[in-house]
Each structure stands twice: as C-alpha cells, then as structure tokens.
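Peer 1: As a plain string of letters, each chain reads:
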Amino acid sequence: MKDYSGIALTAPISFGYAKQSPKGAAWFIGRTLQLMLARAGLGKDDVDGFAVSSFSLGTDSAITLTQNFEFSPRWIEQLPYGGASGILALRRAARAIQAGDASIVACIGGDGAAHRSFEATAANFSSFTIDASFPYGGGGPNAAFGLITQRYMDEFDARREDFGAIAVAQRYNANHYPPALLGHKTLSLEQYLSARPIAGPLHLFDCVMPCAGGEGFLMMSEDRARALGLPYCTILAAGELHNAHREDDIQLRGGWTEYANQLWAMAGLGPEDVDILQTYDDYPVISMMQMEDLGFCGKGEAPQWLKTTDLRFDGSGPQQHKLAHNTSGGQLSVGQAGAAAGYMSVVETIRQLTGDTEGNQVPGARHAMVSGFGMINYDRGLCSAATILARSDR
Amino acid sequence: MSTSHTMKQRLKHNRPSLRQNARPPKQRTHLGNAFTAANLPVALALQHCSNCATVQYPPRELCRHCLQDTLLWRSTDTGGALVSRLELHNSLWEYFRRRIATAPWPIASVRLDCGVIVLAHLAPATFGAGITTEIPAATRVQVFSHTDCSLNAVLIAVDGQTAIATRAQRRAIADGLGLLEPAHKTGGI
Ligand SMILES: [Zn+2]
Numbered sequence: 001m002k003d004y005s006g007i008a009l010t011a012p013i014s015f016g017y018a019k020q021s022p023k024g025a026a027w028f029i030g031r032t033l034q035l036m037l038a039r040a041g042l043g044k045d046d047v048d049g050f051a052v053s054s055f056s057l058g059t060d061s062a063i064t065l066t067q068n069f070e071f072s073p074r075w076i077e078q079l080p081y082g083g084a085s086g087i088l089a090l091r092r093a094a095r096a097i098q099a100g101d102a103s104i105v106a107c108i109g110g111d112g113a114a115h116r117s118f119e120a121t122a123a124n125f126s127s128f129t130i131d132a133s134f135p136y137g138g139g140g141p142n143a144a145f146g147l148i149t150q151r152y153m154d155e156f157d158a159r160r161e162d163f164g165a166i167a168v169a170q171r172y173n174a175n176h177y178p179p180a181l182l183g184h185k186t187l188s189l190e191q192y193l194s195a196r197p198i199a200g201p202l203h204l205f206d207c208v209m210p211c212a213g214g215e216g217f218l219m220m221s222e223d224r225a226r227a228l229g230l231p232y233c234t235i236l237a238a239g240e241l242h243n244a245h246r247e248d249d250i251q252l253r254g255g256w257t258e259y260a261n262q263l264w265a266m267a268g269l270g271p272e273d274v275d276i277l278q279t280y281d282d283y284p285v286i287s288m289m290q291m292e293d294l295g296f297c298g299k300g301e302a303p304q305w306l307k308t309t310d311l312r313f314d315g316s317g318p319q320q321h322k323l324a325h326n327t328s329g330g331q332l333s334v335g336q337a338g339a340a341a342g343y344m345s346v347v348e349t350i351r352q353l354t355g356d357t358e359g360n361q362v363p364g365a366r367h368a369m370v371s372g373f374g375m376i377n378y379d380r381g382l383c384s385a386a387t388i389l390a391r392s393d394r
Numbered sequence: 001m002s003t004s005h006t007m008k009q010r011l012k013h014n015r016p017s018l019r020q021n022a023r024p025p026k027q028r029t030h031l032g033n034a035f036t037a038a039n040l041p042v043a044l045a046l047q048h049c050s051n052c053a054t055v056q057y058p059p060r061e062l063c064r065h066c067l068q069d070t071l072l073w074r075s076t077d078t079g080g081a082l083v084s085r086l087e088l089h090n091s092l093w094e095y096f097r098r099r100i101a102t103a104p105w106p107i108a109s110v111r112l113d114c115g116v117i118v119l120a121h122l123a124p125a126t127f128g129a130g131i132t133t134e135i136p137a138a139t140r141v142q143v144f145s146h147t148d149c150s151l152n153a154v155l156i157a158v159d160g161q162t163a164i165a166t167r168a169q170r171r172a173i174a175d176g177l178g179l180l181e182p183a184h185k186t187g188g189i
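In order, the protein sequences belong to chains D and E.
Heads up: the first sequence begins at 1 in UniProt numbering, then just goes up one per residue.
Heads up: the second sequence begins at 1 in UniProt numbering, then just goes up one per residue.
Hints may be right or wrong, so weigh each one.
Cβ pair distances, simulated, as ranges [to be verified]:
| no. | chain 1 | residue 1 | chain 2 | residue 2 | range |
| --- | --- | --- | --- | --- | --- |
| 1 | D | P318 | E | T186 | 51 to 57 Å |
| 2 | E | A53 | D | L204 | 44 to 50 Å |
| 3 | D | R159 | E | T166 | 40 to 46 Å |
| 4 | D | E301 | E | C52 | 35 to 41 Å |
| 5 | E | C52 | D | Q262 | 31 to 37 Å |
| 6 | D | E301 | E | A125 | 35 to 41 Å |
| 7 | E | A125 | D | P179 | 44 to 50 Å |
| 8 | D | H184 | E | T70 | 56 to 62 Å |
| 9 | D | A265 | E | G128 | 40 to 46 Å |
| 10 | E | G187 | D | P178 | 55 to 61 Å |
| 11 | E | T186 | D | L204 | 54 to 60 Å |
| 12 | E | G128 | D | G359 | 53 to 59 Å |
| 13 | E | H65 | D | S194 | 46 to 52 Å |
| 14 | D | R246 | E | A172 | 35 to 41 Å |
Chain D residues, not near chain E, derived (Cβ > 10 Å throughout) [stated by the list, open to error]:
| no. | residue |
| --- | --- |
| 15 | S21 |
| 16 | S61 |
| 17 | N68 |
| 18 | R74 |
| 19 | L147 |
| 20 | P197 |
| 21 | M209 |
A partial selection of chain E residues facing chain D, derived with a Cβ cut-off under 10 Å [to be verified]:
| no. | residue |
| --- | --- |
| 22 | P41 |
| 23 | L86 |
| 24 | W93 |
| 25 | E94 |
| 26 | I100 |
| 27 | I117 |
| 28 | L119 |
| 29 | H121 |
| 30 | T133 |
| 31 | S150 |
| 32 | V154 |
The set of hints was computed from the structure by calculation and includes no laboratory data.
If you're wondering where the values come from, they're calculated on a predicted model, not measured in any experiment.
Virtual Cβ for every residue (Gly too), placed ideally from N, Cα, C.
Next comes chain D alone, as it looks inside the complex (with noise of 0.2 Å):
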C-alpha cells in the first residue's frame, strides 16, 4: 500500500454542541466550515475538495451543499459511513490531494438534533433494520449492543465495573473539555453502578447522549501547511475493513484483526508507542473490542488490562501502566452528534498532536491511535477503520 506522505491534517473545530437544536444539518456543516478556513485564514474558493458526512441532510447532500454555501469544489465526496466516516474521509482525501485531483480538502461531519429525529433515524436505518430488528423492542442501537455486551461477559467474564473503568475516565478527561456536553458534572464507579438499566447490561452511563454538533478539518500537503504558517499533524499509517467476520455468531471482534499489524508496520511502531488512543465509544464494549483488536492487549482481555492501565489524559489515575484514551471525553461524555462523531476523535487528535487544546493536553503527545466503528445495520457494526498520526516535529 502506498504511504500517506506529504499528507497534513489541519484546522481542527468542534462547533455547536447541543442537546436539543432547531437548527438542520447544513447550519452545523455550514459554521463548521466557516469556522475552519478563519482557522486556516483562507476562503471558500481556496477549498477544492469536500467531504462531508451527515445522518440529517434530508433531501441534501454533498452536492446540493456547494450551492448552499456557494463554492466549487472540483472533488466531492458523501460518506455515510456513521462512526467510521471521519476517517474514512481521511484516506479518500489524502489519496486525491496525492494524485492532485485537489489540493485543499474539508472534512466536515455535522447534525441537528430536531425533535425525536434519533427516533426517525432508528426506526428507518436500513431495510434490514425496518424488517429484522426495529420490531424487537425498538430499542435502536441500544439492543444489538446490549445483547453484544451481554455476550461478551458472559464469554469473557467481564463486570459491570469493567466497563465502567472506562466511562469514569472518559468522564474525568470530558471534566477538562469545555464543550463536553457532560462535562460539568463529575460520575464515579458508584454512579457509574448506580444508574437506571436501558438495555439487559447497559444501564444510562454506557449510553451516549445524541446530540447535535458539527466536527472538521482541513487537509492538504505539508508543503501548503508550511507555507500557510499552520501547525499540523501527519498520516503513518490508515487502514479500513467492512462487515469482516460475517460468519462469526455475535460481534466481539472487527476487521481491525486483518489489518491492525499492516497499520503497526507501516507506522514503524507498536502499541507502546501510542501515546494517544482515540477508539469509537458508542459503548465501552466497542471500546474494549477495538483495544484488543488494535494489539493493545489480547482478545477478551481488555477487562484485565483495563485494571492496570489509566487512561486518564493527565496520566493522575493509580494504575502504573498510562495510555491516554478518548481524551475529551468521548461520545459518552461529550455527547453524540450524528455523523460528526465519526469525526471527533480525528479532530481532537489534530488538537492533541498540534497542542491546540484548552485544558486536555496529553503532555509531550507525538503518537495518537484513532479508531471508527460504525453502521449497525441489523446485529453488528459493519464498518472498521483506524489511522495512526503523528506530530509533524516528532
């Protein structure tokens, strides 16, 4: 495969995080964009590329948008691709900027949260969700991942605590993130324990929160960066892998397993070299899973590993081993926007690797781990996708 060199991330923005907005999707594509080039201190003529990602667009899309915002992009690009989508839209630009079929790319992920639109949105995800999973309990996601959770404790004898390990920290990291939307308020093991049950295992604190919000950057060549005075981040390695496994009874693996040593070697790194590990949260299992299947420990031994490993973002937790994760907050703690928060990992990590973060900086961060998991279309999450960047000065 061929590298990703040359290849800058840039202009990170998190906008309008809201639990409720009356605002549609173009609003929170629209400022996020805005946003981005005062950032970069360039104009909408400058961006020749457009990625864009959303659950609410409605009749709208990537094209329909240029005319909405009045630019002319010479490559676009749609990808509904849920949880997977910001990094996803990170290997498709970064191959068009390398063979010149642009030379300024945004990725923009971004959704309102009108009134009961996650409703809309569960009940209507896909053929195989209206005919084969809706009507059994129209629980929505919460279903297939309860039922996945319950499988993996009973396979793996992991606890209630361990998943909470996760949430808690995740939380502590949303405490020093302004824009978490979870953010004021602290969660202990024993709240963590305490809260109302949604789903068999999952109870209120492994649930995310949906939400509306917009997340972006701008990707272009280093050369251009430089030359625009930005300070930015780098690709060593991106993989992605789609409804892997499909003979297997339950998810509790992803296609990460097939490619997660590819990403290792074309990095020239291991897991101990992370400094960051940013996996899609949608669920502390899904956490857990991406942790074994990226090679930071064994499978079905995330439970164990979790005990002796803090993942704090200022490293102030007990545990001996440190390994920043999901150092916002994540979805759980941050809130779920749709299809942006298969973009906020990406864009908290070009914060991190860029030192452009206000209050949540992983001291002396060079390597970051970023993970999407996304689409689950009747019993499993279908698309997988990591990428490994770096700092440019590392």
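Could you slot chain E with the ligand onto chain D? The hints should help.
Peer 2: Then chain E with the ligand, alone, in the frame of chain D:
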C-alpha cells in the same frame, strides 16, 4: 371535518404517547411484507435459494451467496441455539414503552440450525426462567413466527422443548407476550 377533530388527528400523528392504542412497529419494506405473507400458513418460512440451497434472513432481493434471483419462501426448521439475550428497559417505540412500564421486554439473538442469525421476541417463561440472563448462551431454542396486532409476522424464541406444533399453541405464546393486543392508554386520543 371539525377543527378539533383535525387537531386531534395531528396530535395523534405527532405524539404517539397520547394515543389510546399503541401498536408494534407497522412499517416494513416490501420484502418484510413478503415475509409476513409467507409465514401465514406455517410456523416459520424463510427465503431458500433453489440454485445453491442457501437459506437467508433478513429477507433480501437476491440470494446472498450466489446473487441469483432464485429465491423461494419455504417452511424452515424452527430449531436453533441462543446466541445472546436481554431485557429492554427502554424503547423508542410507544407500544414497547407501555409494555415496559409493566415489565422489561425480553429479546434474543439466535443462530438457527439452517445457518441464519435472527432477532426475536423471547418468551422467558417457556424456559422456566425468571430473568433472561438465567438462560445460558447456547441453550437449545425454537423460533416461530406469529402475526402481531400490527398484522406483521414477528419471530418468537421459546425453549427447545416447548410444544409449538399447533397454531393454537403458538398463538397462546404470542398472546402471553401481549403481541396480539395494542397497549392501551386510558383517556388517550
Ligand atoms: Zn443461491
């Protein structure tokens, strides 16, 4: 039509929680409707490929294996093994919300012997279990279909030993789960 009637209709449409009768999700694709039709005369019917003998679920336009348009709805063995199960304490759908107000709603995923994974309503009482997590993974189960009060066929998982040979036996189980009646709200619209 009076203004107040129109207003009531609009409220009913926009606020399911105000309805007198809440029913299970009505919406299906045309394949889901075909599933319902095929399941009317038998305990369980799934799509079988007459070209390669693959059985599939959820229903698809083509054979998932050979991609041929050679699918037939055929009566299918109800046997399978439990993959996972849980009780829902929360739902996005008003009918289930009302049911859950009385007791959590049990569901299961099952690997049928014919090879497919199905999600199903679960009847824990047939296992002699008080709570669903007392039923171990890999437990032998049977899965059959029954028409719910939204007139769609839905799948129901029961213990492997449960008698489900007759229509009356299957109906009694579906009835016991509350699937044959809407969830009422006194004073609803
Ligand atoms: Zn076939």
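Peer 1: Decide, hint by hint, whether the structure agrees.
Peer 2: Hints, verified against the model:
1. D:P318 - E:T186: 51 to 57 Å: About 54 Å separates the Cβ atoms of D:P318 and E:T186, which means 51 to 57 Å holds.
2. E:A53 - D:L204: 44 to 50 Å: 46 Å Cβ-Cβ, so the 44 to 50 Å window holds.
3. D:R159 - E:T166: 40 to 46 Å: holds, 43 Å
4. D:E301 - E:C52: 35 to 41 Å: Roughly 39 Å apart at Cβ, these two residues keep to the hinted range, so it holds.
5. E:C52 - D:Q262: 31 to 37 Å: For E:C52 and D:Q262 the Cβ distance comes to about 33 Å; the hint holds.
6. D:E301 - E:A125: 35 to 41 Å: Taking Cβ atoms as reference, D:E301 and E:A125 lie about 37 Å apart, which means the hint holds.
7. E:A125 - D:P179: 44 to 50 Å: Holds: the Cβ-Cβ distance is about 48 Å, inside 44 to 50 Å.
8. D:H184 - E:T70: 56 to 62 Å: This hint holds: roughly 59 Å between Cβ atoms.
9. D:A265 - E:G128: 40 to 46 Å: violated, 53 Å
10. E:G187 - D:P178: 55 to 61 Å: At roughly 46 Å between Cβ atoms, D:P178 and E:G187 fall outside 55 to 61 Å, so the hint is violated.
11. E:T186 - D:L204: 54 to 60 Å: Taking Cβ atoms as reference, E:T186 and D:L204 lie about 29 Å apart, which means the hint is violated.
12. E:G128 - D:G359: 53 to 59 Å: Given about 55 Å between the Cβ atoms, the range holds.
13. E:H65 - D:S194: 46 to 52 Å: Since E:H65 and D:S194 have Cβ atoms about 48 Å apart, the given range 46 to 52 Å holds.
14. D:R246 - E:A172: 35 to 41 Å: holds, 37 Å
15. S21: holds, 19 Å
16. S61: The assertion about D:S61 holds, with a minimum of 22 Å to chain E.
17. N68: holds, 28 Å
18. R74: Given that every Cβ of chain E is farther than 10 Å from that of D:R74, nearest at about 36 Å, it holds.
19. L147: Contrary to the label, D:L147 does not stay out of reach of chain E, its closest Cβ about 4 Å off (not over 10 Å).
20. P197: The claim is violated: D:P197 sits with its nearest Cβ about 4 Å from chain E, within 10 Å.
21. M209: Since the minimum Cβ distance to chain E is about 13 Å, D:M209 lies beyond 10 Å and the statement holds.
22. P41: violated, 20 Å
23. L86: E:L86 check passes; min Cβ-Cβ to chain D is 3 Å, inside 10 Å.
24. W93: Since the shortest Cβ distance to chain D is 3 Å, the answer is holds.
25. E94: holds, 8 Å
26. I100: holds, 9 Å
27. I117: With a closest approach of 6 Å, the E:I117 hint holds.
28. L119: holds, 5 Å
29. H121: Hint holds; E:H121 Cβ to chain D Cβ min 6 Å, cut 10 Å.
30. T133: Given a least distance of 7 Å, the restraint on E:T133 holds.
31. S150: holds, 8 Å
32. V154: Hint holds; E:V154 Cβ to chain D Cβ min 6 Å, cut 10 Å.
The structure shown violates the earlier hints numbered 9, 10, 11, 19, 20, 22.
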